[in-house]
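Student: Sequence:
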Amino acid sequence: MTGDQRFSIRTKQFLLQSAGVAMPPPTPLQAPVQAPTSWDKALRRTYHTTVVDGGLQSHQDNTCIAAIAQASGRNALVTTFKKTYTRFRTSASQTQHAASLATTVRWAIREKKRFQRFIDDLRGFNDSLVALFPDVGSQACEAMAAEINTSTDLGSLQVIEQAVGDLENGDEGLAEAASLRITEISQHTTSLATNDDDDDDAESSSTAIQGIRDVNMKMLTQQLEKLGVAIKAELKGSLQISVQDFGFGDHYGSLNWRGMENNEFGIEEGREREYVQCPYLAWYLMYASEKNGFEHGDFSHRDSEANRKFEGRFPGTRTVEGYGASFGTWARVHKPDFPPRPVFCSTFDVPAHTTPELIDLLSDLHRRKSLPWNLTNERAYEYLDKLLGIRAHSRMAPGVSFDNSMQVMDLLDTLNRSDLFEDLRSGGSLGAQAFPNFPNFLYQMVVAYELKLRLKDQGFGGINARVIAAMQAAERWVDGVSIKVTKGSNPHAELRSLVHERQVEGLVRFAELLAWPALGEMREFVEDAYTDMCAGMHLSFHLWDWLFGTMLPGKAFAFTIMSALVAATPSLLPLGAPRYYESGLVLENKSYWRDKWVMGRVLGGIWGVRAANGWVGPCPVPAKGSRERVSKSWRRVVARDTAFALPERIAPHADADESSLFSSLDRVGGNSSHVEWVRTIGDPTKWVVPVGPSNAPDTVELRALALKSIPREQALDEFGSQKGTGLSIAVDRSNTVTVSVQDDQGNETPIEDDKEPAQRAVLELTINGQPVSFTLYNNPIFIAAPRCIDGPHPVHERDLPKMQHILRVGQLSGHIHNDPRVLIIDATGGGECELAARAWCSEYGQHAIVKRGTGPCIACAVRAASAEGLGVGCVIWT
Numbered sequence: 001m002t003g004d005q006r007f008s009i010r011t012k013q014f015l016l017q018s019a020g021v022a023m024p025p026p027t028p029l030q031a032p033v034q035a036p037t038s039w040d041k042a043l044r045r046t047y048h049t050t051v052v053d054g055g056l057q058s059h060q061d062n063t064c065i066a067a068i069a070q071a072s073g074r075n076a077l078v079t080t081f082k083k084t085y086t087r088f089r090t091s092a093s094q095t096q097h098a099a100s101l102a103t104t105v106r107w108a109i110r111e112k113k114r115f116q117r118f119i120d121d122l123r124g125f126n127d128s129l130v131a132l133f134p135d136v137g138s139q140a141c142e143a144m145a146a147e148i149n150t151s152t153d154l155g156s157l158q159v160i161e162q163a164v165g166d167l168e169n170g171d172e173g174l175a176e177a178a179s180l181r182i183t184e185i186s187q188h189t190t191s192l193a194t195n196d197d198d199d200d201d202a203e204s205s206s207t208a209i210q211g212i213r214d215v216n217m218k219m220l221t222q223q224l225e226k227l228g229v230a231i232k233a234e235l236k237g238s239l240q241i242s243v244q245d246f247g248f249g250d251h252y253g254s255l256n257w258r259g260m261e262n263n264e265f266g267i268e269e270g271r272e273r274e275y276v277q278c279p280y281l282a283w284y285l286m287y288a289s290e291k292n293g294f295e296h297g298d299f300s301h302r303d304s305e306a307n308r309k310f311e312g313r314f315p316g317t318r319t320v321e322g323y324g325a326s327f328g329t330w331a332r333v334h335k336p337d338f339p340p341r342p343v344f345c346s347t348f349d350v351p352a353h354t355t356p357e358l359i360d361l362l363s364d365l366h367r368r369k370s371l372p373w374n375l376t377n378e379r380a381y382e383y384l385d386k387l388l389g390i391r392a393h394s395r396m397a398p399g400v401s402f403d404n405s406m407q408v409m410d411l412l413d414t415l416n417r418s419d420l421f422e423d424l425r426s427g428g429s430l431g432a433q434a435f436p437n438f439p440n441f442l443y444q445m446v447v448a449y450e451l452k453l454r455l456k457d458q459g460f461g462g463i464n465a466r467v468i469a470a471m472q473a474a475e476r477w478v479d480g481v482s483i484k485v486t487k488g489s490n491p492h493a494e495l496r497s498l499v500h501e502r503q504v505e506g507l508v509r510f511a512e513l514l515a516w517p518a519l520g521e522m523r524e525f526v527e528d529a530y531t532d533m534c535a536g537m538h539l540s541f542h543l544w545d546w547l548f549g550t551m552l553p554g555k556a557f558a559f560t561i562m563s564a565l566v567a568a569t570p571s572l573l574p575l576g577a578p579r580y581y582e583s584g585l586v587l588e589n590k591s592y593w594r595d596k597w598v599m600g601r602v603l604g605g606i607w608g609v610r611a612a613n614g615w616v617g618p619c620p621v622p623a624k625g626s627r628e629r630v631s632k633s634w635r636r637v638v639a640r641d642t643a644f645a646l647p648e649r650i651a652p653h654a655d656a657d658e659s660s661l662f663s664s665l666d667r668v669g670g671n672s673s674h675v676e677w678v679r680t681i682g683d684p685t686k687w688v689v690p691v692g693p694s695n696a697p698d699t700v701e702l703r704a705l706a707l708k709s710i711p712r713e714q715a716l717d718e719f720g721s722q723k724g725t726g727l728s729i730a731v732d733r734s735n736t737v738t739v740s741v742q743d744d745q746g747n748e749t750p751i752e753d754d755k756e757p758a759q760r761a762v763l764e765l766t767i768n769g770q771p772v773s774f775t776l777y778n779n780p781i782f783i784a785a786p787r788c789i790d791g792p793h794p795v796h797e798r799d800l801p802k803m804q805h806i807l808r809v810g811q812l813s814g815h816i817h818n819d820p821r822v823l824i825i826d827a828t829g830g831g832e833c834e835l836a837a838r839a840w841c842s843e844y845g846q847h848a849i850v851k852r853g854t855g856p857c858i859a860c861a862v863r864a865a866s867a868e869g870l871g872v873g874c875v876i877w878t
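full-length UniProt numbering puts the first residue of the sequence shown at 1, with every later residue one more than the last.
For the record, the hints were derived by calculation from the structure and aren't laboratory data. Treat the hints with care, since some could be wrong.
Here are the simulated DSS-like pairs of lysine-lysine, each with C-alpha atoms no more than 25 Å apart in a straight line [claimed, not checked]:
1) Lys-708 <-> Lys-590
2) Lys-755 <-> Lys-708
3) Lys-686 <-> Lys-236
Computed spacing ranges between beta-carbons, pair by pair [to be verified]:
4) Pro-279 <-> Arg-640: 33 to 39 Å
5) Asn-464 <-> Ala-493: 27 to 33 Å
6) Asp-683 <-> Arg-640: 46 to 52 Å
7) Gly-488 <-> Asp-419: 33 to 39 Å
8) Thr-685 <-> Pro-279: 48 to 54 Å
Each residue gets a CB set at the ideal place from its N, CA and C atoms; glycine is no exception.
Construct the complete structure from the given sequences, taking the supplied hints into account.
Tutor: Structure below.
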């Protein structure tokens, strides 16, 4: 670039700066500046010029430079300008297009010293131009002052006032003019609020005031948009939590961080830290397989315990996603908005497969675990005709290919047949359901696994929970069971476990984690249990299921692992298996409870208890009403499900103070009383970082855990009134099968006399030396508060009162939460403060977010519990 070209560019930049136009970042030396459209508008407005092909020309005469040179031919400066712009027009276009933005940025970074020298030279040339044209600057300032005096854009005026004040040699006249204009507009706005009913003004004055009113609302919105950029920078990394309704009764919990994209570094790792990690392979069977790529086949939609991402980090808690899943389960039962979907099944006869044929088919599926690589539609038709007998009722029209969708439909129609196959959800043991009609069960496994393979990469509607359970069972049967038919005069099938060593380790580690009281006895038995079984010893069906890995995920897994642990402890064999999914286990000095039901959720607040595979323990042993300790047994403690409330949907035009905990930048009302708030929202001194409660003086001790019996009629009315959908099979030590009715929520009513009657728990505490008791009437959900990023985060000082509804644990007894603000329970005292807070939530039916250890800042925790988040309205701060 020549000196004339650099001089030309600097001249143009000076003219633009004089006009009050913000300059873009400098470009590399090899890429001359080309004036954008915004520059052209500014030059046309201020100097009546325009930019054409890189040169400056007048609207009145496009040969302005030539005319000036003709009028003053001896002016060397004009001659220089003319030559410079001539060369610039011929070279600017090609050079400018050759340099991309990335090239410009790379040059500025790599050649930092040259870039700095370029800026210094540019400043020197601009200073020289100021000396050459002193009148241009003063005239531009006068024009800008005149425009400021007529402006009604409050945001632009504030930007000008701040920008001029930040300059070292800023024009004080411009700053003063902007300040006076801002004051004038503010006075007009204030007068409007007090003089709306003044009818003595002239019509023209009323029109002017109404115009200012309309402009003011627009100015407020624009000001918020500009200030939002700065505020979002301060709030970056704060929690954004919500429950989203995707229709058809499905609700999902959403966890995000403000200002951070999902693909940003560390975001996925941040989510993963909120989920429970399985240290042993056997424990992964608690969760549904993630190998399926189809949405409708997600088992966790039907059983919220079957997803690893739903279990919270603390005992008895759920993640944000888990809260959304529980919300969806509750909504489908209590607020069914959609009719049940029809189920289609075939009624034609199926081929009569022998047991050896079915065993061979399962062995082939175990070897390949995928569709054959050379499977064509014709071969698939022949294979499924032999398996299902589809030729007699083929739905294919002439010329229609038997593609994957047609195959799925035929497999679904067969698998839905209730006259052939059991609903595998109805029992706690697959083994107990398999052996009464072994050939039909094997046939069900083959059909379900073939369907699973075809749905791996394709979504398909009409897949119900019964089919999904069959596919999960088939996958585990194929992975864990090997069947061989013996030869000889009396052939029979021999079943061998392919995963028994993995399963034994998982059971031992589970017992170690929960401090099993008979660990030595149990380990000695279970290490040889599989060998003894192969030698002819009879085992409990639940221990058999565990050794073969053939239980369903979710609640069935939790039911099986504890039943297997009891069956593997010889001294506890008389207990047998529980009758209900929600039953807890009481031993001599310890008790264990399911974390999905009220006892596990509340007692999970005891310091030192642990949680794994759907169980919480070891917990204290409960007592009967007379303080007599409960003997070793299975105990069922019931409580009502706590109702959910949809998070408040705030309209875009709603006032920020009316419906939201925090003044949202996206929710601007039209009330002029918010003018002061709008002004101060950009003031750093108005934003403060709140601090959560700490070191409360409360002390809590657990005195007793009492169980009270509930009349059978009341228990059935409150907890067992729904129509049963299946049969639950519980098998004790002597392989005696007990049948009971099971509803959609896993609650069961046995057909014979109930040996595990429904009971209600009462937690007796001592708080600050005073006896306090809480009755666990409800089963709330406690959400493990996720961590925020780069906290603590500030809030506007106007929002501080909304974060000051704090009660210590000693103030909870008898308290009814009816304040619209989020209740913050200060559980930072000594002893079992968190236990007391959870017990209060159970008595009064209050969901809550639990902050423990390295959790979010107080601002993020309260926002997550507010209507902007999950809408639970309560935070337990420990």
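Student: Do the Cβ positions of Gly-488 and Asp-419 conform to the proposed distance bound of 33 to 39 Å?
Tutor: For Asp-419 against Gly-488, whose Cβ atoms are near 35 Å apart, the range 33 to 39 Å holds.
Student: Does 46 to 52 Å hold as the CB distance between Asp-683 and Arg-640, or does it fail?
Tutor: At roughly 49 Å between Cβ atoms, Arg-640 and Asp-683 fall inside 46 to 52 Å, so the hint holds.
Student: Taking the Cβ atom of Asn-464 and the Cβ atom of Ala-493, is their distance within the range 27 to 33 Å?
Tutor: holds (30 Å)
Student: Should the hint that Pro-279 and Arg-640 are 33 to 39 Å apart at their CB atoms be regarded as holding?
Tutor: holds (35 Å)
Student: Is Lys-708 close enough to Lys-590, meaning Cα to Cα at most 25 Å?
Tutor: Roughly 19 Å between the alpha carbons, so the hint for Lys-708 and Lys-590 holds.
Student: Compare the distance between the alpha carbons of Lys-686 and Lys-236 with 25 Å, and conclude whether the hinted pair is satisfied.
Tutor: Holds, because 18 Å separates the two Cα atoms, which is no more than 25 Å.
Student: Does the Cβ distance between Thr-685 and Pro-279 fall inside 48 to 54 Å?
Tutor: Since the Cβ atoms of Thr-685 and Pro-279 sit about 49 Å apart, the hinted range of 48 to 54 Å holds.
Student: Within 25 Å, alpha carbon to alpha carbon, are Lys-755 and Lys-708?
Tutor: holds (15 Å)
Violated hints for the displayed structure: none, as all numbered hints are satisfied.
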